[in-house]
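Keeping their order, the protein sequence lines are chains A and B.
According to the UniProt record's numbering, the first sequence is numbered sequentially starting from 1.
According to the UniProt record's numbering, the second sequence is numbered sequentially starting from 1.
Derived from the structure by calculation, the hints contain no laboratory data.
Keep in mind it's a predicted model, so treat the numbers as computed, not measured.
Backbone N, C-alpha and C fix where the C-beta goes; we use that ideal spot for every residue, glycine too.
Be aware that one or more of the hints could be misleading.
Claimed, not checked - Far from chain B, some chain A residues (derived; all Cβ distances over 10 Å):
#1 Ala-19
#2 Arg-174
#3 Ala-260
#4 Asp-354
To be verified - Here are the computed distance ranges between Cβ atoms for each label pair:
#5 Gly-170/B x Ser-316/A: 49 to 57 Å
#6 Gly-356/B x Ala-7/A: 41 to 49 Å
#7 Val-79/A x Gly-244/B: 28 to 36 Å
2 protein chains.
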Amino acid sequence: MSEVYAARRARLHDQCTAAGSAAALVSRPANVRYLCGAVPPGAVLLLGPVQDVLVATEVPSAPPLSSGPPRSDEPRLLVTPGADGDPAVAAADLAAADGAESLAVEEHDLTVARHRALGAAARRVRLADLGRAVEQLRLIKDDEEISCMRIAGELADQALGELLESILVGRTERHLALELERRLVDHGADGPAFPTVVAAGPNAGRPGHLPTDRRVEEGDFLTISLGADYRGYRCQVGRTFVIGPSPADWQVELYDAVFAAQRAGREALLPGRAYRDVDRVTRQVLTAAGFGDGLEPCTGHGVGLEIDEDPRLTPSAMGKLDACVPVTVEPGVHLPGRGGVRIDDTLVVRPEADGGPELLTITTKELLAL
Amino acid sequence: MSEVYAARRARLHDQCTAAGSAAALVSRPANVRYLCGAVPPGAVLLLGPVQDVLVATEVPSAPPLSSGPPRSDEPRLLVTPGADGDPAVAAADLAAADGAESLAVEEHDLTVARHRALGAAARRVRLADLGRAVEQLRLIKDDEEISCMRIAGELADQALGELLESILVGRTERHLALELERRLVDHGADGPAFPTVVAAGPNAGRPGHLPTDRRVEEGDFLTISLGADYRGYRCQVGRTFVIGPSPADWQVELYDAVFAAQRAGREALLPGRAYRDVDRVTRQVLTAAGFGDGLEPCTGHGVGLEIDEDPRLTPSAMGKLDACVPVTVEPGVHLPGRGGVRIDDTLVVRPEADGGPELLTITTKELLAL
């Protein structure tokens with residue numbers, strides 16, 4: 001793997017040099033991981049004029065940056081213990097010592113206070129903004145990344161499928177969420193990709209609902225949204241079910257509308273399609289069905305090392321989809337006091353010649369009455 | 001409860017006015033919660049010249065700021081949906097509209113990019129630094145806060161005690177951690193206070209070790225550190241056990257040293273004692289016993305709405321303990337390749353007249369061979 005990380009760092013190097021910065025400091029955890037692999041929490045990466053250095057407050061536990069003997073294309077490891085020692089400050093010191101005149105930092109990650117500390121530590125270095133350069137590199141995933149996400153999707157489908165075979169009525173949202181997360185790990189996930197959503201009755205369909213002690217009851221809508229983290233890569237699958245022998249008419253009507261909207265969004269995932277178009281086609285179906293009020297601002301988003309990363313599928317988003325960009329399509333409607341429906345999938349954008357979008361989360365989307 | 005929050009906001013108001021800022025923007029989540037109670041993720045609090053406003057991207061789910069009808073001493077709620085809408089920017093707008101000339105912000109929380117967006121949104125307003133003013137208010141806990149932490153401690157002790165009654169050999173660190181977190185929630189915790197640490201064999205005693213697939217084996221040291229979140233308030237309890245009929249001599253020797261160090265730290269928790277003194281007495285015991293190499297920079301820290309908050313017990317820490325300040329005492333020694341010992345407790349500083357430090361985590365600290 002370490003060649004992959006070296007190649008990613010080289011691309012960033014070239015961009016920085018082109019932008020006039022001989023050195024860059026990467027502090028956002030997902031960005032550091034993208035460029036170095038798994039590293040200790042809080043570690044930062046200096047792409048220096050002379051050398052690349054991973055600065056951490058602790059020695060990486062196994063696995064190191066790569067298995068096998070250290071390689072020339074790996075960054076040097078600098079460990080700076082000390083309760084108040086900020087690795088970013090140590091990295092700025094190092095950049096100055098190596099004669100860097102300017103250092104591009106991630107202004108969307110560093111706090112004002114940290115940024116000031118960097119400036120004070122390396123007075124001779126001009127601090128520039130690296131912007132979201134690493135996030136841009138992360139947009140299009142390689143085969144290795146996508147295969148990790150494929151496995152993450154299988155793990156989430158598996159955990160959800162097993163839960164559906166058990167008795168749900170009378171159990172609390174909290175317990176169902178914990179059981180799902182245990183099953184994810186049982187099957188080999190490194191952990192949940194995000195806090196598992198289990199929302200019953202009036203909570204169903206609420207975005208980002210945190211599980212409560214509400215018990216599942218007959219007649220409820222039940223929304224479950226979960227994801228697995230596999231080697232750092234994430235996925236998201238969300239489904240809504242009806243509890244009891246058969247759904248009420250209003251439940252069927254609402255479900256059909258969200259299902260149609262989600263399908264429209266999925267089918268729009270083609271290279272060259274504008275982000276906002278995907279959002280619009282999804283939204284239009286819900287609006288036409290009379291559920292346009294109070295829709296969430298976002299109907300989907302990129303996913304990878306973070307559960308919510310670029311691109312964002314919103315009415316104001318700028319840009320177009322590329323092939324091999326994984327995104328979620330997750331429209332939802334919540335009717336206050338009654339509940340609602342959400343359907344989330346994770347897909348990879350593929351050209352029609354390759355069969356169109358690749359669905360990573362295959363749990364059925366027909367309305368199940370459990 | 002809402003009177004409590006109103007009183008806290010009033011104290012902060014006074015401090016800001018004294019510091020020359022008519023308005024303050026609180027963005028750090030734990031600080032917003034301290035001043036308003038449970039709020040939606042990402043919500044920020046504007047302490048304005050005219051009004052206090054809680055700005056959120058979604059309507060708070062139950063429970064609202066307080067139960068019962070809205071009160072005059074509650075901040076107004078402003079909901080600003082929109083995928084790209086930053087509540088902090090909306091709050092800065094509002095401060096400007098209300099005629100604030102300066103706005104104190106949390107520079108240790110806001111990123112450089114967000115800070116710039118605030119400045120652009122409210123050009124007529126001078127941005128000042130609120131610093132850690134709210135963190136300072138949070139240092140000394142009131143009875144309500146301490147009773148929540150007492151319950152959090154009981155929940156963690158209970159989950160740990162139950163686990164010790166089960167068979168541990170052959171189970172992975174990961175599964176033991178998940179079982180502990182399930183038990184925490186079963187007993188009424190809102191969740192774990194931090195990612196549960198289960199470290200077996202050579203992993204034992206490693207700070208912040210994340211559970212792996214390493215199985216517990218005969219002869220292992222086993223370090224477990226967990227905490228409960230109860231109504232936002234947290235605690236931490238950590239213990240190290242030996243697996244098998246009887247510990248080896250080196251294990252007893254190491255355990256006794258860490259135990260003695262941890263006791264020295266606990267006994268030093270008295271009002272007026274310097275933070276660094278508590279750290280020093282703990283460290284000295286380990287150094288005298290020959291375990292002084294590679295000690296962690298921090299032997300304990302404050303705890304409350306965050307698991308790791310002010311004060312920090314380090315060699316360089318400035319300041320003295322006050323009564324009613326909860327802290328952890330958690331020395332540890334890790335011998336690479338062999339494992340190690342950590343013992344963590346959460347205590348509340350109390351004067352000797354009141355019986356000295358109050359121990360919130362009462363699981364036995366004698367060396368158990370399981």
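A quick look at each hint next to the structure:
no.	hint	in the structure
1	Ala-19	holds (17 Å)
2	Arg-174	violated (6 Å)
3	Ala-260	holds (22 Å)
4	Asp-354	holds (29 Å)
5	Gly-170/B x Ser-316/A: 49 to 57 Å	holds (54 Å)
6	Gly-356/B x Ala-7/A: 41 to 49 Å	violated (59 Å)
7	Val-79/A x Gly-244/B: 28 to 36 Å	holds (34 Å)
Taken one by one, the earlier hints fail for this structure at numbers 2, 6, listed in ascending order.
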